[in-house]
Amino acid sequence: AADLILPTAMWVEKEGAYGNAERRTQFWRQQVKSPGESRSDLWQVMEFAKRFKVEEVWPAELLAKAPKLKGKTLFEVLYANGVVDKYKVSEAAAGFDNDEAKHFGFYVQKGLFEEYAAFGRGHGHDLAPFDTYHQARGLRWPVVDGKETLWRFREGYDPYVKKGEGVKFYGHKDGKAVIFALPYQQPPESPDKEFDLWMSTGRVLEHWHTGTMTRRVPELYKSFPDAVVFMHPDDAKKRGLQRGMEVKVASRRGEIQLRVETRGRNKPPRGLVFIPFFDAGRLVNKLTLDATCPISKETDYKKCAVKVVRA
Numbered sequence: 001a002a003d004l005i006l007p008t009a010m011w012v013e014k015e016g017a018y019g020n021a022e023r024r025t026q027f028w029r030q031q032v033k034s035p036g037e038s039r040s041d042l043w044q045v046m047e048f049a050k051r052f053k054v055e056e057v058w059p060a061e062l063l064a065k066a067p068k069l070k071g072k073t074l075f076e077v078l079y080a081n082g083v084v085d086k087y088k089v090s091e092a093a094a095g096f097d098n099d100e101a102k103h104f105g106f107y108v109q110k111g112l113f114e115e116y117a118a119f120g121r122g123h124g125h126d127l128a129p130f131d132t133y134h135q136a137r138g139l140r141w142p143v144v145d146g147k148e149t150l151w152r153f154r155e156g157y158d159p160y161v162k163k164g165e166g167v168k169f170y171g172h173k174d175g176k177a178v179i180f181a182l183p184y185q186q187p188p189e190s191p192d193k194e195f196d197l198w199m200s201t202g203r204v205l206e207h208w209h210t211g212t213m214t215r216r217v218p219e220l221y222k223s224f225p226d227a228v229v230f231m232h233p234d235d236a237k238k239r240g241l242q243r244g245m246e247v248k249v250a251s252r253r254g255e256i257q258l259r260v261e262t263r264g265r266n267k268p269p270r271g272l273v274f275i276p277f278f279d280a281g282r283l284v285n286k287l288t289l290d291a292t293c294p295i296s297k298e299t300d301y302k303k304c305a306v307k308v309v310r311a
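Heads up, the sequence shown is in our numbering, so the first residue is 1 and it goes up one at a time.
Keep in mind that the hints were calculated from the coordinates and are not lab data. Do not rely on the hints blindly, as some may be mistaken.
[What the hints assert, rightly or not] Derived pair list, reagent style DSS-like, types lysine-lysine, alpha-carbon separation capped at 25 Å:
id	residue 1	residue 2
1	LYS163	LYS173
2	LYS88	LYS102
3	LYS248	LYS193
4	LYS237	LYS222
5	LYS193	LYS173
6	LYS267	LYS303
7	LYS302	LYS286
8	LYS50	LYS72
9	LYS53	LYS72
10	LYS50	LYS86
11	LYS267	LYS286
12	LYS33	LYS72
13	LYS193	LYS70
14	LYS53	LYS70
15	LYS248	LYS237
16	LYS147	LYS162
17	LYS50	LYS68
18	LYS237	LYS193
19	LYS238	LYS267
20	LYS267	LYS248
21	LYS162	LYS173
22	LYS65	LYS50
23	LYS193	LYS238
24	LYS193	LYS286
25	LYS88	LYS72
26	LYS248	LYS303
27	LYS147	LYS163
28	LYS70	LYS86
29	LYS163	LYS193
30	LYS248	LYS297
31	LYS267	LYS193
32	LYS237	LYS173
33	LYS68	LYS86
34	LYS238	LYS222
35	LYS248	LYS222
36	LYS248	LYS238
37	LYS222	LYS162
Build out the structure end to end from the sequences listed, making use of the hints.
Spelled out as structure tokens, the structure:
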């Protein structure tokens, strides 16, 4: 059991930034006050930092390199250091709350971001100045001279690829990508005469993971209330199935019941069906395979063999 439980503010209850696999950095303002005594994770970390001296946390070899820091708190070293705390509270946007800035007396988010961004500028990971992100709907790094990079490593798009270089993976001395040519390995399970279709799982636009939050939003729930099985029209016709018909999807491990969808956003190829995993009432993991990779131990939830029949 935990010795201490700290109620933590949600993302709309604090100011912050997102970075994703698209290389996009996107900022937002605090929208509402956090309830009760809950505080943001940043507030919590900074308050903890006030309560620890560097000697209590840093190893001796690190302290030996910076003897002037001995006796100081982590807060003094990491935050009240003349770099992070140099931006005034007044620089925060008018009309929005910023609980951290008001509490600590400086624009925390801007100071931390500018310190962080300095390490990547000039090295192919350039981020724009802090204020720029609040004027744009996200920018993909590297951002050089205010311009984002749509495609990396391509001449004409990436500012680090010079004219005439075409495609250059400049992160490596030889300018080449690192690609591992691994031998093909048979899947642990494939379709056969009885279970004659591949099944794959994934997400839909409206729901995040298992839908514990997104299914509570009326607009999202109404737009996509329940999981369906997406099929190629030819596969459905071959089995005497029509759009909207209730069916059973079964694997060697279990079965679930849901409706057929042959139109719309997902257009699986012949021989493959797709079922999203957000719906707790139609647990697709009753069907999925539990085989694991011997090296990574990752479970092969993504594909297995199934059959689809009328309910």
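Against the structure, the hints come out as follows:
As the CA atoms of LYS163 and LYS173 are separated by approximately 18 Å, the hinted pair is consistent with the 25 Å bound. In summary, the hint linking LYS88 to LYS102 is supported, as the alpha carbons are separated by about 10 Å, within the 25 Å threshold. Using a Cα cut-off of 25 Å, the hinted pair LYS248 and LYS193 holds, with the two alpha carbons roughly 17 Å apart. Between LYS237 and LYS222 the CA atoms are separated by roughly 28 Å; this puts the pair beyond 25 Å, and the hint is violated.
Of the pairs offered as hints, the one joining LYS193 and LYS173 is violated, with about 52 Å between alpha carbons and a cut-off of 25 Å exceeded. Proposed proximity of LYS267 and LYS303 is supported: the alpha carbons are some 16 Å apart, at most 25 Å. Taking the CA atoms of LYS302 and LYS286, the gap is near 13 Å; set against the 25 Å cutoff, the hint holds. The hinted pair formed by LYS50 and LYS72 meets the criterion: a straight-line CA distance of about 9 Å does not exceed 25 Å.
Taking the CA atoms of LYS53 and LYS72, the gap is about 6 Å. The hint holds against a cut of 25 Å. At most 25 Å may separate the alpha-carbon atoms for a hinted pair to count; LYS50 and LYS86 meet this at roughly 18 Å. For the proposed pair LYS267 and LYS286, the alpha carbon gap of about 23 Å is at most 25 Å, so the pair holds. A hinted pair counts as satisfied when its Cα atoms are at most 25 Å apart, and LYS33 with LYS72 does not qualify at roughly 32 Å.
Between LYS193 and LYS70, the direct Cα distance comes to roughly 72 Å. Violation of the 25 Å bound is thereby established for this hinted pair. A C-alpha spacing of about 8 Å is found between LYS53 and LYS70, which places the hinted pair at or below 25 Å, so the restraint holds. Taking the CA atoms of LYS248 and LYS237, the gap is about 16 Å. The hint holds against a cut of 25 Å. Pair hint LYS147 plus LYS162 holds up; C-alpha atoms about 16 Å apart against a cutoff of 25 Å.
A threshold of 25 Å between alpha carbons decides the hint, and for LYS50 with LYS68 the separation of about 18 Å falls inside it, so the pair holds. Between LYS237 and LYS193, the direct Cα distance comes to roughly 18 Å. Compliance with the 25 Å bound is thereby established for this hinted pair. Annotation: proposed proximity of LYS238 to LYS267 holds, straight-line Cα distance about 17 Å (limit 25 Å). About 20 Å separates the Cα atoms of LYS267 and LYS248, which keeps this hinted pair within 25 Å; it holds.
In summary, the hint linking LYS162 to LYS173 is supported, as the alpha carbons are separated by about 15 Å, within the 25 Å threshold. Simply put, LYS65 and LYS50 have alpha-carbon atoms about 22 Å apart, close enough for the 25 Å limit, and the pair holds. Between LYS193 and LYS238, the direct Cα distance comes to roughly 15 Å. Compliance with the 25 Å bound is thereby established for this hinted pair. For the given pair, LYS193 sits about 21 Å from LYS286 by alpha-carbon distance, which is consistent with the 25 Å threshold.
Taking the CA atoms of LYS88 and LYS72, the gap is near 23 Å; set against the 25 Å cutoff, the hint holds. In summary, the hint linking LYS248 to LYS303 is supported, as the alpha carbons are separated by about 17 Å, within the 25 Å threshold. Annotation: proposed proximity of LYS147 to LYS163 holds, straight-line Cα distance about 17 Å (limit 25 Å). Taking the CA atoms of LYS70 and LYS86, the gap is about 22 Å. The hint holds against a cut of 25 Å.
The hinted pair formed by LYS163 and LYS193 fails the criterion: a straight-line CA distance of about 56 Å is larger than 25 Å. Simply put, LYS248 and LYS297 have alpha-carbon atoms about 30 Å apart, too far for the 25 Å limit, and the pair is violated. Between LYS267 and LYS193 the CA atoms are separated by roughly 24 Å; this keeps the pair inside 25 Å, and the hint holds. Among the hinted pairs, LYS237 with LYS173 is inconsistent with the structure: their alpha-carbon atoms are about 55 Å apart, more than 25 Å.
For the given pair, LYS68 sits about 21 Å from LYS86 by alpha-carbon distance, which is consistent with the 25 Å threshold. With a CA separation close to 31 Å, the supplied pair LYS238 and LYS222 exceeds the 25 Å bound. Annotation: proposed proximity of LYS248 to LYS222 holds, straight-line Cα distance about 24 Å (limit 25 Å). A distance of roughly 15 Å separates the Cα atoms of LYS248 and LYS238; the hinted pair therefore holds under the 25 Å criterion.
A hinted pair counts as satisfied when its Cα atoms are at most 25 Å apart, and LYS222 with LYS162 does not qualify at roughly 50 Å.
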